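Chemist: Can you make the complete structure from the sequences, with help from the hints?
Residue numbers (the numbering used here), protein chains in the order written: chain A, 26 to 829; chain B, 741 to 1172.
Hints in this document: simulated from the structure, not taken from any laboratory. Values in this document were obtained by computation on a predicted structure and should not be read as measured data. We put the CB at the ideal spot given by N, CA and C, even for glycine. Heads up, some of the hints might be wrong.
What the hints assert, rightly or not - Derived lysine to aspartate or glutamate pairs resembling EDC-like cross-links, with alpha carbons at most 16 Å apart: (1) A:K587 to A:D663; (2) B:K881 to A:E760; (3) A:K501 to A:E530; (4) B:K1108 to B:E1150; (5) B:K1079 to A:D719; (6) B:K821 to A:D804; (7) A:K670 to A:E636; (8) B:K821 to A:D807; (9) B:K748 to A:D820; (10) B:K881 to A:D759; (11) A:K634 to A:E564; (12) B:K821 to A:E729; (13) B:K748 to A:E812; (14) B:K821 to B:D790; (15) B:K748 to A:E822; (16) B:K748 to A:D807.
Unchecked claim - A few chain B residues that don't get close to chain A, going by computed Cβ distances all over 10 Å: (17) V772; (18) V778; (19) I1131.
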Amino acid sequence: MIVAGVIFLIALLSSDFWSMFVILGGVELVVYVLLRMSRVRQGQSVQRALRAMDRRDQSEPTLAELTESTSGVRPRTSFGSTHVPVPAAVPAPLPAASRGRTVGTDEFYSTGASPKSTAPGYALPKAPKEAAPGRWVPPGEPVRVADVALPDGMVYVGARLDAPNGRTSPCLINGLLPVAGAGDYRTRQLGYWPSYADASPGERRAYLTWLAEGRTNPDCDIGYVFLFFYGLERRTILDSSENAAAKEDWPAIVRELRRLLAIYGEKSGSFRHYAGELLSWIELDGAASALYKKPVPDFPRTYELPPYLRLALGQAANDRAPIPASLGLAWVRMAPDYRLRTAATRCTMEFERLFTARYHDDLGAGLVIPKNRTKLKFVYRAASAGLAGTNISIGFGDVPDVTALTRPIKTLAAIADRCTDQLAAYSRLVGRDPSLADSLECRVLLPAAAWVAEDKARLDALSTRVRTGSITLTMKELETSLGDTGQPLTRKGIRSLAQLLEAAEIGMEPNVLGGARIPQPEDSIVLFEQLAQDANVGEGAEYQTAALTLQMGSALALADGKFGEQEIGFLRGRIDEWERLTSAERRRLHAHLRLLVAGPPTLAALKKKLEPLTTAVRESVAACMVTLAQSDGFVSPDEVKFLEKIYKALGIEPDRVFSDVHAAGTGASRTSPAKSPAAGIQLDADRIAALQQDTARVSAMLSEIFTEEVPDQGAPEPVEPEPHGQPSLLPGLDEPHCAFARLLLTRPQWARAELEDAAADLGLMLDGALEQINEAAFDTLDAPLCEGDDPIDVDTELLEKIEA
Amino acid sequence: MNAPIRPKDRDAIIQSLRAGVVPRRGQHLIQVGRSHEVEALVADIDRVADGGSSFRFVIGEYGAGKTFFLNLIRTIALERKLVVANADLNPDRRLHASGGQARSLYAELMRNLATRAKPDGGALPGTVEKFIATAKSEAEKQGAATEQIVRSRLEQLTELVHGYDFADVISAYCRGAEEGNEQLKSDAIRWLRGEFATRTDARAALGVRTIVDDASVYDQLKLMARFVRLAGYAGLFVCLDELVNIYKLASSQARSGNYEQILRMLNDSLQGTSVGLGLVLGGTPEFLMDTRRGVYSYAALQSRLAENTFAAGGLVDYSGPVLKLSSLALEDFYLLLRKIRHVYAGGDPDHYLLPDEAITRFMEHCAKRLGDQFYRTPRTTITSFINLLAILEQNPGTDWTALIGGLDVERDEGGKGDLAVEPEDELASFRL
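Modeler: Structure representation (structure tokens):
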């Protein structure tokens, strides 16, 4: 009759008994009671349904079977075990409304099934003797509750399971409790401290459905997740403290926690926190010393630094050991008072690599944190109401709690901020189009330190090549050598690439960062070694002028068809000669020259750049050009033409080209440095000496020709003691001429007509005779005998010499 | 350096310089440096004297001393018993033309034909007569007619263009001399000087069918070169100055015609076919290098003038056809002034009118007045230097320091004319 009473009560509770019956068809116990009790209408159909269920039961154990076969791993109450669905089996006691009762147990492990948990508020005479004790269904073991098959276990099922607070453990799925026919786990129904026992049948149905579906639906209300989590928590904290074997489930629990975190962690900070705490608990169990040397497990980010990290960091502080980068990174990630920005969270791997690199850059082996005085203690605050109030904690000796320090995290945060900034561009691009993540276009936005190892190796190889000497290659080749075979880089990409190379101490010509034209894939570029502190070279006016000179020079050098070695050599020499250039600028200029040799610019392209130059600079550029044209020994007409164009472009009178080329050809040094008139004339003594020597040489040569010094002062010294014979007045003259010469010497001046007659008399032609006589006079006396045409003057003084 | 200087040379130099022109004699007394250049041309002269040929461009800026250098070379050539013809080109005297301008150049050259005995030109009759006189004495020895000897001697000329007529003209002169026919003699000289304008006149006067016309100027020069060798001279040396006038020609056709003539000369010289003929052409850098109007505009010529590609980096090749004269530097100018002082003192250091310091002061003064490039165009500064010396000479005891301060130095703007190019005919305009 008691049974009947109970049923009646249930019937009263349930407004629609039949519908409930259909839904809970699997609860044989109830059915059985019903059948026996009242032989109600439609008994036939119920029997049919029951039979069908029996058939199914052959494959899936019933709750009772399970209860019986379980090997007790925890303290069991000595309930008599019943076989098969027993009609005598009583429904579990109704949830007691013992609200005022609290358990103040200090020791959490002092659990034990408390038989007192009956519901005194009901007028039922007696609590059922045999309520199946709650038991842990290990992971992977299917179980059936009500009509729901739970495929994966990891829950507590049974009729009774006490919590340390003295009440029924909230996680326990009590199969005896009624379950509604429908329930939606998407709606928020459960209270703040959910409990299966306290839940409504509809909520129970919802919970069971969620469990049966594999605990995956992301829309599930977090209350159900917590309900499930309570079970895990209980298993981890309570069971394991009593029974070491329970720890065998930990790996599965960790997996499950992580899985849940992945689904629900974002949704609920609270869940994230509790799950994280539990994970830490597991990780911290039996934590060895020097945790910081081990890989850091993954924890959800909560408003507290995970205890595991705190321990690891504390140990590091204790050991005065540098914190490894991975631990530092974990700290930054988990630190409650520092939040990583999108770039760092979106591009996790890149951030990790970059952070690791920068961390070591800044801190060497790692950050060493001082040992502070706050001691670390891990107090586990349970999520489950069942564990509330219990003091669950682990002490760690004198390991300090580093979270009390602010300096280290600030240091790390600064590094992280820097890394995030460096990732920003990359992150934005990847955010727009995630498929680009591996392309070079994207990668160049990253600092090299954030590159994948193999790509980094490629860059390093390139860097090594450049160390041994500048290299010329096409843009395409460069991209390929960096591991990209897809789309050529965009303009922006090339600029980023240049920045990247600059950071890797590789300079690139053309200087795209300095505003040079972006090279096409087929265009040549030159890579050269450029120290990090030399970045930004190429901004100065001096450099610009020099570069411009080189550009014009190469255009000019090509004017005669080929870029000769001498011309290259000349330009190289110029680079080294230019004053006021730093060595870095020179290096870049040399690379620039290499580039120019590969592809000289046209003059038209240079014209615009010439405009801002001052006149003095223009002049010096022009002078350099002229010397260059001269450098291969010959200024070809093409070069002259080109020089004219250059002069015109420079705004210098093109006619000056010739003079300047000429001056350069005769030795540019001859234009000695003439100071301003005020400074006075500065004569170059060395040059004067050299010139005097030269002059002496030429004078000697000339005096040989002009035989200047014959006799001294015209002293009538007989230079040629001639055979003073009559016929030869002057040697080399024949008789008529001699006679004519004698005649000439008789007068100082003759009229031409007179001499013509005289010559005719002698059978001579006047001009010819005079010519011959004078010639002979020159030969002998170094002076002509007569001069003039009409009248003809005779140097009678010569007679003295002749006579002598 | 301390050898006395003949007053005649001294006066010649001082007067020329004072007038702002290049002295005709005694250049060697004030030659500063340039030993390599002089050496190169002396070698040319010797080659010509040996029956070879030579061709040079002497290229230099305005004021670099081209004319001085050419005159020096001319004097050396005379000294080496060469016959020298020199002329300046101008718009009416060119190497090639159709309106008689080339003949005019030839006439000028012949008028200026000089020998050592007649260094101031007008030596053509003397040369011809010398040739005939030697033929005559030869004839007397052999007992043959002079004209016959002349003919046989001129035999080798006839293989050249116009050689027959040239021989005819010489014979006519010979005839005229023997017959006392002055008209015939002067007609022959006129023909040789290229002064016959028409063939008809020449035929009437001398019986020859050709005259020296625009097209045959260079051929005549080659004939003349051979002829003077026959007359007993070492060879003919032709100095043409102011070639920039070709550059200035407006018509490109006219320019290339002239460059073609230069190319012929160059080719003949390089091949050695012009016997005993040396050519020196003086011009400015633009004349050589301007790719539109200058020598470089004429591709064939340009390629032959290609400079020695080994003469780079401070090495200089003085044997190429282009001889470059550098403009005067400050130090050159300083030494030049010292030389002038030396010449002025007649070669006696005791008579120096100025100390070295005064020269420097003078240069500073010029720099102040004319800018720091004053020494590049030395004409006016040298004139005023000589003026200074003259005043000091005539007013002994005057303080030179005061004089220098008040000295007036004119700017030499002559160089600008070199660049003034004749406007193209069709674009010419004039204003009243």
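Chemist: Work down the list of hints and note, for each, if the structure agrees.
Modeler: Hints and how they fare:
{"no.": "1", "hint": "A:K587 to A:D663", "result": "holds, 12 Å"}
{"no.": "2", "hint": "B:K881 to A:E760", "result": "holds, 13 Å"}
{"no.": "3", "hint": "A:K501 to A:E530", "result": "violated, 20 Å"}
{"no.": "4", "hint": "B:K1108 to B:E1150", "result": "holds, 12 Å"}
{"no.": "5", "hint": "B:K1079 to A:D719", "result": "holds, 14 Å"}
{"no.": "6", "hint": "B:K821 to A:D804", "result": "holds, 10 Å"}
{"no.": "7", "hint": "A:K670 to A:E636", "result": "holds, 15 Å"}
{"no.": "8", "hint": "B:K821 to A:D807", "result": "holds, 13 Å"}
{"no.": "9", "hint": "B:K748 to A:D820", "result": "holds, 13 Å"}
{"no.": "10", "hint": "B:K881 to A:D759", "result": "holds, 12 Å"}
{"no.": "11", "hint": "A:K634 to A:E564", "result": "holds, 14 Å"}
{"no.": "12", "hint": "B:K821 to A:E729", "result": "holds, 14 Å"}
{"no.": "13", "hint": "B:K748 to A:E812", "result": "holds, 14 Å"}
{"no.": "14", "hint": "B:K821 to B:D790", "result": "holds, 11 Å"}
{"no.": "15", "hint": "B:K748 to A:E822", "result": "holds, 15 Å"}
{"no.": "16", "hint": "B:K748 to A:D807", "result": "holds, 13 Å"}
{"no.": "17", "hint": "V772", "result": "violated, 5 Å"}
{"no.": "18", "hint": "V778", "result": "violated, 5 Å"}
{"no.": "19", "hint": "I1131", "result": "holds, 22 Å"}
Violated hints for the displayed structure, listed by number in ascending order: 3, 17, 18.
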